[in-house]
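Student: Sequence:
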Amino acid sequence: MEIFTKKKHLNQALDSYCQEMDATIDALIECMDEFFAGKSLDDVEKVAKKVRKAESRCDSLRREIEQQLFAGALMPGARGDIFMLIEALDKVPNKAEDLANFVALVGPQIPDELHEDIREILSLTVKCTRALSESVVKLFKNLAKAGEQAQEVEVIETEIDKLERRLIRRIFQLELPYGHRMMLREMVTTMCAITDRAENASDRVEIIAVKRKT
Numbered sequence: 001m002e003i004f005t006k007k008k009h010l011n012q013a014l015d016s017y018c019q020e021m022d023a024t025i026d027a028l029i030e031c032m033d034e035f036f037a038g039k040s041l042d043d044v045e046k047v048a049k050k051v052r053k054a055e056s057r058c059d060s061l062r063r064e065i066e067q068q069l070f071a072g073a074l075m076p077g078a079r080g081d082i083f084m085l086i087e088a089l090d091k092v093p094n095k096a097e098d099l100a101n102f103v104a105l106v107g108p109q110i111p112d113e114l115h116e117d118i119r120e121i122l123s124l125t126v127k128c129t130r131a132l133s134e135s136v137v138k139l140f141k142n143l144a145k146a147g148e149q150a151q152e153v154e155v156i157e158t159e160i161d162k163l164e165r166r167l168i169r170r171i172f173q174l175e176l177p178y179g180h181r182m183m184l185r186e187m188v189t190t191m192c193a194i195t196d197r198a199e200n201a202s203d204r205v206e207i208i209a210v211k212r213k214t
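Each residue of the sequence shown is one higher than the last, beginning at 1 in our numbering.
By construction, these hints were calculated from the structure, which means they are not laboratory data.
Worth double-checking, as some hints may not be accurate.
[What the hints assert, rightly or not] Computed list of lysine-lysine pairs in DSBU-like fashion (alpha-carbon distance at most 35 Å, straight line): (1) LYS162 <-> LYS46; (2) LYS127 <-> LYS46; (3) LYS39 <-> LYS145; (4) LYS145 <-> LYS213; (5) LYS141 <-> LYS213; (6) LYS39 <-> LYS49; (7) LYS46 <-> LYS213; (8) LYS141 <-> LYS91; (9) LYS211 <-> LYS138; (10) LYS49 <-> LYS8; (11) LYS39 <-> LYS141; (12) LYS8 <-> LYS39; (13) LYS138 <-> LYS39; (14) LYS127 <-> LYS213; (15) LYS50 <-> LYS138; (16) LYS162 <-> LYS211; (17) LYS145 <-> LYS211; (18) LYS8 <-> LYS162; (19) LYS8 <-> LYS91; (20) LYS53 <-> LYS145; (21) LYS39 <-> LYS50.
The structure presented is a predicted model; accordingly, all values stated were derived computationally and were not measured.
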């Protein structure tokens, strides 16, 4: 009975983690909206703090989950898989925080002609990370759904990869100082790293789902 109780607590902690990961992404989108609206860097920094706080809550939940695993929340063979999953998941809010910090500290000047592509990537980032959260939440409840959502992460990430390449190509076609173009490129690669890490985490979900089916 104790192992079932521990598993229930682990499931709840994973659900909570996904909620905080979603909150981190939501705060990031708010931060980017403030930036695109032309708000002062002080105003952008205020929202960036929300991103950091949400990411910090993710870190706390990650440590809680790891402690539960060390305490025997699952059978030994499954602990390593969940440990690798939570480590992969935690890189998603980390990258969201990186982007918020970059925008709040650097305040890059983004040409108007790039806004649409950047907003499209951000919109897809929300969809991608939501699909990742859903895949994790369903992992111990509906394996088929978990697998479907994990595959959706990969589909969206592939689309973002295409947009990233197109956007970087456009950046280097602009008549801007080389340093400015490199700064914009860094911002784009930081932004797209969020879904790259989400795809890595979705791979862990698929591995666990396959193992649980066998």
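Student: Taking the numbered hints from earlier one at a time, note which ones the structure violates and give those numbers from smallest to largest.
Tutor: Of the numbered hints, 3, 7, 11, 12, 13 and 18 do not hold.
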